[in-house]
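*Asks:* Spelled out from the first residue to the last, the chains are:
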Amino acid sequence: DTGVSQDPRHKITKRGQNVTFRCDPISEHNRLYWYRQTLGQGPEFLTYFQNEAQLEKSRLLSDRFSAERPKGSFSTLEIQRTEQGDSAMYLCASSSGQGWYEQYFGPGTRLTVT
Amino acid sequence: EDQVTQSPEALRLQEGESSSLNCSYTVSGLRGLFWYRQDPGKGPEFLFTLYSAGEEKEKERLKATLTKKESFLHITAPKPEDSATYLCAVQSIQGAQKLVFGQGTRLTINP
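Which chain is which? The protein sequence lines are W and L, in order.
Residues in the first sequence are numbered from 1 upward in steps of one, following my numbering.
Residues in the second sequence are numbered from 1 upward in steps of one, following my numbering.
Here chain W stands alone, though its shape is the one from the complex (with noise of 0.2 Å):
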């Protein structure tokens, strides 16, 4: 059983450009979630799909962001018209929707926007 997986790990992007990260979510886990982290805090949370509908959004997520899942597999999160301020740890979690609350969380994409 692999792991939720995140791409690309490290991304360094100039201010103003967009960027696009995937995650691909534990096998048959039909619950879908991205977090953001900056250093020294919590992981905070952005969006939640279960299976391919967006079924909440934090205030968080300006409409710089926008996030996808298709076809209920895979998510893209795509932060158009980047800022310094977007530089973070991009978090994606899963979890089964059979009664267990536990996410469980990728390795991240780490966003450097100089």
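These aren't lab readings, by the way, just hints derived from the structure by calculation.
Just so it is clear, CB atoms sit at the ideal spot from N, CA and C, and this is done for glycine as well.
Take the hints with a grain of salt, since some may be wrong.
Ranges of calculated distance between the beta carbons of each label pair, as one might list FRET restraints [stated by the list, open to error]: (1) Gly-85/W - Lys-59/L: 13 to 23 Å; (2) Leu-39/W - Phe-72/L: 24 to 34 Å; (3) Gln-103/L - Gly-85/W: 14 to 24 Å; (4) Glu-60/L - Arg-9/W: 37 to 47 Å; (5) Gln-84/W - Glu-9/L: 20 to 30 Å; (6) Pro-8/L - Thr-112/W: 25 to 35 Å.
Dock chain L against the given chain W, drawing on the hints supplied.
*Replies:* Below, chain L alone, put in the same frame as chain W:
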């Protein structure tokens, strides 16, 4: 608004020196309280879920307990490999699936 506060922010122990980490929470109906371990540059690793006051769970040198207002992570006779940041999170029963995390406790075990 759901809130989690962890203390202390950082803790240094000698190998074999037992201690406890605290997680205080306020939540509008607790679905579950979660403990994770996070190593530098990696994603959080799931440790425990606690669902109701009085519940306890153990794994190797770690034991998690839960009351109506806080949770403790007890570490017994720690080893240097237990050094990591320990994160506490809560999930509300109010329909939301998100985890609300504390800022973590950075634990260092000196040999």
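*Asks:* With reference to the structure, classify each hint as holding or not holding.
*Replies:* Checked hints:
no.: 1; hint: Gly-85/W - Lys-59/L: 13 to 23 Å; result: violated (37 Å)
no.: 2; hint: Leu-39/W - Phe-72/L: 24 to 34 Å; result: holds (26 Å)
no.: 3; hint: Gln-103/L - Gly-85/W: 14 to 24 Å; result: holds (19 Å)
no.: 4; hint: Glu-60/L - Arg-9/W: 37 to 47 Å; result: violated (28 Å)
no.: 5; hint: Gln-84/W - Glu-9/L: 20 to 30 Å; result: holds (25 Å)
no.: 6; hint: Pro-8/L - Thr-112/W: 25 to 35 Å; result: holds (30 Å)
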